[in-house]
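There are 2 protein chains.
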Amino acid sequence: MSPSKYVYDFSEGNATMKPLLGGKGANLAEMTGLGIPVPPGFIVTTAACVYYSANGKYPDGLTEEIEAHLRALEKLTGKTLGDPAKPLLLSIRSGAVFSMPGMMDTVLNLGLNDETVEGLAKGTGNARFAYDSYRRFISMFGDVVMGVDPQAFEDALTAKKAEAGAALDTDLSADDLRDLTVRFKKILNERAGEQFPADPLKQLHMSVVAVFKSWDNHRAKVYRRTQGIPDDLGTAVNVQTMVFGNKGETSGTGVAFTRDPSTGENFFYGEFLMNAQGEDVVAGVRHPRPLEELRGVMPEALEELYAIRSTLEKHYRDMQDLEFTIEDTTLYMLQTRNGKRTAQAALRTAAEMVTEGLITKEEALLRVDPLQLDQLLHPRLDPKATYQVLATGLGASPGAAVGQAVFDADEAEERGSRGEAVILVRWETNPDDIHGLIQAQGVITSHGGMTSHAAVVARGMGKPCIAGAQDLKIDTEAKRFAVGDVIVNDGDWISMDGASGRVILGQAGLIPAAIDENVGTVLGWADSVRRLGVRTNADTPDDARKAREFGAEGIGLCRTEHMFMQEDRLPHVRNMIMAADTAERELHLAKLLPFQREDFDGIFRAMSGLPVTIRLLDPPLHEFLPNYTEVMVELERLRLTGASADAVAAQEKLTATVKSLAEANPMLGTRGCRLGIQWPEIYAMQVRAIVEAAADVLADTGEKPHVEIMIPLVGFEEELKRMRALTVETADAVLAERGVAIDYTVGTMIEVPRAALTADEIARQADFFSFGTNDLTQMTLGFSRDDAEGKFLTHYLRTDLLKSNPFEKLDQAGVGQLVAMAVQKGRSVKPQLKTGICGEHGGEPTSVKFCHRTGLNYVSCSPYRVPLARLAAAQAVLEEKASAKTGD
Amino acid sequence: MSPSKYVYDFSEGNATMKPLLGGKGANLAEMTGLGIPVPPGFIVTTAACVYYSANGKYPDGLTEEIEAHLRALEKLTGKTLGDPAKPLLLSIRSGAVFSMPGMMDTVLNLGLNDETVEGLAKGTGNARFAYDSYRRFISMFGDVVMGVDPQAFEDALTAKKAEAGAALDTDLSADDLRDLTVRFKKILNERAGEQFPADPLKQLHMSVVAVFKSWDNHRAKVYRRTQGIPDDLGTAVNVQTMVFGNKGETSGTGVAFTRDPSTGENFFYGEFLMNAQGEDVVAGVRHPRPLEELRGVMPEALEELYAIRSTLEKHYRDMQDLEFTIEDTTLYMLQTRNGKRTAQAALRTAAEMVTEGLITKEEALLRVDPLQLDQLLHPRLDPKATYQVLATGLGASPGAAVGQAVFDADEAEERGSRGEAVILVRWETNPDDIHGLIQAQGVITSHGGMTSHAAVVARGMGKPCIAGAQDLKIDTEAKRFAVGDVIVNDGDWISMDGASGRVILGQAGLIPAAIDENVGTVLGWADSVRRLGVRTNADTPDDARKAREFGAEGIGLCRTEHMFMQEDRLPHVRNMIMAADTAERELHLAKLLPFQREDFDGIFRAMSGLPVTIRLLDPPLHEFLPNYTEVMVELERLRLTGASADAVAAQEKLTATVKSLAEANPMLGTRGCRLGIQWPEIYAMQVRAIVEAAADVLADTGEKPHVEIMIPLVGFEEELKRMRALTVETADAVLAERGVAIDYTVGTMIEVPRAALTADEIARQADFFSFGTNDLTQMTLGFSRDDAEGKFLTHYLRTDLLKSNPFEKLDQAGVGQLVAMAVQKGRSVKPQLKTGICGEHGGEPTSVKFCHRTGLNYVSCSPYRVPLARLAAAQAVLEEKASAKTGD
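Chains as they are written, first to last, in my numbering: chain A, 86 to 973; chain B, 86 to 973.
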């Protein structure tokens, strides 16, 4: 194979060649090889696109190669590009390595001009069809290749329909359509500032270049960023003989999934439209019909589709997303690919395919995107609540959401990124709306079907979607919709259930989800594969119980500050802080002791038999006091409004305390073990409460709690040495008082960069390390989360400076390097050192996999992320095996 | 030599055995070897002390070893411990590896009891001497070994003197002193709660243990911390035959320096007291006489001292600090060690010893402590100013200081550590005052001489000291002193000149010091040895010029924010910040441009021919606005006091802006390049101003400034890539406009841990790295400097959790690890990458040496630290050579 080969015939490729041929092209080649009817064609490779991106021109020889393959195609089909007698017509479609539905550009019916259109009309005996194809080609070419706003063509079409008194496009006559082609060309020539190219070969090369360029358009970039697809892969271009679903009532087009992409049910799920081209179905412009209805229209085609469905599922061993066209009763397949699916569908499909013997358990585990599990565990509508259902559309992507209605993707992005809950309401969505979808809680459209753009994208993102809610009369200009008498304005609260398709007025009550059978099955397999432990971050017995239901194997982080914040404790906490000396402080701490003991008692019982890591007090003390600005303003108010001297004096005392504790950068101030070192009595009280609670639980239940005491914010070995000594002294004193023996360990959070850098020293004092990657990220990157998100970090993400939010996805190059270093250094002095992660990253799949690769013992995450972590941990094992095999 | 050898006779050791024998013991052994008269004795090693510290008991065999050496000593001297006929008397002195003057304990006259004292009286025919020695022994033993407050003995002595009508101790008769021994024993037995041990062997072992324990006393620990002496070295114990300077008028004692420790002049400098023991001189209780006066009293002894001075200086090749005693006209040397000296003396001695051929230039460079240079460059009294001199004492340690008088070491420590300028005024000082001296600007005593404790310690620390200012009548209780009619109360301002000994009322004017001849000589040698470049941190032409005088080879950090803060610019800066959009912001930036250009113009001229690194704007924008709490309080005030609606509205607008920019942790917020990335127009203005100024200077002087533009707070390669592109685009545009070519480089601060961790990526975009170790320390340790110092960091230092302040001395284990990693990674992709440090550590000797070892190209420090850095950089080279030789 010559290194300069940039073009492959479908018959030359196969499904393994995706990196070079793109997903669509490789699968068209594969189907061709399987003997499935595919219109013939060839593929311009991704390598050509990469060259074009870098150099702004074709690589040497590409023009000739394309034209040689064109000649071969002409020979095969007996038609010739530009031949008025037997014109060859082509479709030009992008095809990237990873599916990017609707993100890039397509040109259909290429090869038409004023002469070939006549030849097409004669050859088919269908002038209406010929001119319909021609007007479609001009507008697509104008939009995609020449950059003309497609609305101009839409407006001309609408005007023509009005003139002709036509209700639907299909009501237009051949003459109407011929006239429309003239108008379209005029629009194109005027708007583009250059002439529509009549030369079909010129059309072809211009279209190939347009597809190359579409790789770098804004919406494609945004999509790639959200999906983590690299920017340097390029897209292939598929040049394929046109087949026509719009040739009349014996022609049609459709899309199908080999199983239900919403529920996973093993049911042939699809939609079709007669006398239409494929874009009509996907764009949701007309309402498509369920696939089964094809039986009444063209039963043989349906039977053939069923056979192809079976062939493809067995061949690909995964649920497929198909596109087909019927031209004059002959079925052609235009695409197959692995179908996007909801979490529920992913799990059901995976589990059932194992039962069917189609795939192994390991393959099933790799089929499910861990992030999707998250949506399964998201709240759903409270079935016991009552609410006003405004309308019911198609349940296109399950899940419940509550948000304020917004009618514009930009606004959805802006408000959503500020943390506001919004639901995007649109007539239909198109790829330009993607940034709004990302930031919305869910999306509702009044048009389009289950396979419309909004539905496909929402399912991919695990967001609720209701499509085709036709009762919603949307006025985009006025930013409102009406359902009968009810008007919902921009900013009004609505709720939605993406499973049942119900659109609800106001804020509906939501309840937590539970794990269903398929989830349980797949997670059971995950547990048998994974090595990484999965714990939870829980501060209350309720959270602990919930997490245990979800499979948590212990508590990796129990924060004690939330306990201090509760209403009945806060006065004691404040008195403790404002104490004049140690003796007074101990007095107030003694009042807090019973509360703390009770907290731990409940948690130990909920986690019976499993380890519980309790972090001693971490936040700066001023967090328990009122805000400095507020107390100063209040003081000014008291002074100016003639308050009593006593009131002013009391406020002055409070102000003085608040001021003395105020910090310029509290994140880097007196917190964590710095509290325990200066006021050991605080930590001593907490340790006493922990160990007394453990002794109580032992006495009551006969079971010993597994106690792990964690010292936060250690940066120097000596800090941990002192706090460890205090902990051991206090704990052993309690155990001696109670006359019981309970094992406990003492470890530390690794959250200060220095702790990671000197982990070999710190490990000498630690039974375990728990990586606090939230703070470690803040300090390693110099990003205060409070000040970054919504400010410079948002700017960085929007302008592509960062690919992902480092507070969500662990920054492996920076923070991850410190984690790996700390594990290695820690184990160099203490080989059995237990290590875990308790930052939010413990519930994010790429970060969980990093933790596995780095050799941590466990991850700890919020209760609802536990299933996700279990699955990701299993996938990490399987990916490791796979890369060991391929030697990656 | 058996591994269990814990005791060495003086004749067995030499000066190279300091780690084992301690400094004093090793030098006594060395002098013994040189044939200099040293009272015979033996040394219990530091290894025995280390064992004792760890185990709380003697190592096996030590008791027997000590007693065997004792027998040998008895044989040598013909006297026996405890023998009433010919009693052997011993001195027991500590002797650590590094000199810790007065920090640890000493017991003299050991071996006396009610029987041996009679023998001593008979043997010497001097009952008065015998009982004087006995009462001294009881009180010292009581204090040092049995923990009795020495004031109790002082009070008894005072009472006795009153009863006897004696003015001086020497006026007391033998009977008076005998009576005093009875009283002293009674005091000891009562206060210690156990009996004074009459058994001299028991006295000996108890004293050895007391010296061991004194290694871990509080003042010794504090001293070690300030001097950077490790805690695990232990002290040796010197057991030596007593010689008596208090045997009458043909006996005496003294201390001497082979050169003047204050000025370095080659002059035999010392003091003596007749009929006294050594402690009397050091403690400053009696006023000693200048050494030269010994010629009139005992000329032979003085001649012998001169000969010994010469022998020892040649032998040790350094200025020596000597202790001697004359017993009945016979001279004995009790100690020699390298003498502590002022910076001025260190430099003069080093330079002159090179001229004298005594040492090499390299040795001279290693003789001067770089930290001492700092004091040389500290301000001195303005000779043109007039001031009221209250009194003149001994100029015991040079330098000028201004501060509030304080009369208590604890108070000096407390106020000094808060950053207040205080001068400690004491009758005399003792080792317990060390913590107060550390935090004071200087110290004045009304008693004691040039070799008193205060003087020695102050010279070591480079702090001004005036000793023996007898006109000051100090009332410690009332916290004030009087000089004639003038009363100076606690907190009143005074000034002092430690060179001339003048005590001045009020705040005297100070002027900067300049570099003198000896400094210039030694620094010239340093420059010829060092490889590390030395630059300065300077924001103004004045600072730049001063630093250049001190030898700076360029500017390593020119901060631009100080320029923004100036009164004539701040309104434009505020308008710029509050601008509604980019266009308006650019309008205000255009007004700032001429100011910035002018700033850079002056700096380029001052640094003509040398590189200038300019850091673009770094601090968060809210630093240029009023404080949030203040604007809120003002708003409340305006509202409550019925201000006009306009005034309230204006304040509300300001409040809103301040609030929108307020940050929870500004250190980790929108600052550094995060400003330039979000508002590129700010950095573009600065780059334009820099390059326009460079072009102006070139046009005017014909010399091209060496411009280095530095982007702060980079953590990700992409940040620097974008800011570099902006810089290059702007700079090249200006150069094109001006039609000139000026080279410039673009680099970055490494101050975010992630930048160090990913330095191989960042180096791709950088011409240089400058380590901002202030911020790097803050983030790596999680220490906000504002919130740490005076709060938890002070606590850490006081409680020995940290040995040094990481903002002063680079934390090599943590922060240094990142620096080394960044240099290595950066050079792995760009071998010629220029690297420097511009944090405050660039002016701290151990940190400068670290920078040399790590391979940095330069350090940059404040102008006054430039000489220090030059010397430390040379020492780093010499130390590297030495360790290469020894294979360390």
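A hint or two may mislead.
Any copy will do: because identical chains look the same in the list, a pair fits if it lies in one copy or spans two.
As the list claims (entries may be wrong) - In the DSS-like style, the derived pairs of lysine-lysine whose C-alpha atoms are separated by at most 25 Å in a straight line are:
1. 876 to 806
2. 164 to 207
3. 90 to 287
4. 271 to 564
5. 910 to 270
6. 789 to 246
7. 915 to 306
8. 919 to 287
9. 631 to 142
10. 894 to 915
11. 676 to 738
12. 806 to 631
13. 970 to 446
14. 738 to 915
15. 744 to 789
These are calculated hints, taken from the structure and not from any lab test.
Since we're looking at a predicted model, the values are computed, not measured.
We went through each hint and held it up to the structure:
1. 876 to 806: Only across copies: residue 876 and residue 806 sit 21 Å apart there, 39 Å inside one copy, limit 25 Å.
2. 164 to 207: Answer is within; shortest intra-copy Cα gap is 14 Å, inter-copy 140 Å.
3. 90 to 287: For residue 90 and residue 287, only the intra-copy Cα distance (21 Å) is at most 25 Å; the inter-copy one is 100 Å.
4. 271 to 564: Result: close neither inside a copy nor across copies, 34 Å intra and 100 Å inter.
5. 910 to 270: So residue 910 and residue 270 fail the 25 Å test inside a copy (70 Å) and across (59 Å) alike.
6. 789 to 246: The answer is neither: 80 Å in one copy and 72 Å across copies each exceed 25 Å.
7. 915 to 306: neither (46 Å within a copy, 31 Å between copies)
8. 919 to 287: neither (66 Å within a copy, 53 Å between copies)
9. 631 to 142: neither (58 Å within a copy, 58 Å between copies)
10. 894 to 915: neither (29 Å within a copy, 30 Å between copies)
11. 676 to 738: within (23 Å within a copy, 46 Å between copies)
12. 806 to 631: neither (35 Å within a copy, 47 Å between copies)
13. 970 to 446: Result: close within a single copy only, 18 Å intra versus 65 Å inter.
14. 738 to 915: neither (49 Å within a copy, 58 Å between copies)
15. 744 to 789: Neither way: residue 744 and residue 789 sit 44 Å apart in one copy and 51 Å across, limit 25 Å.
In this structure, the earlier hints numbered 4, 5, 6, 7, 8, 9, 10, 12, 14 and 15 are contradicted, and the remaining ones agree with it.
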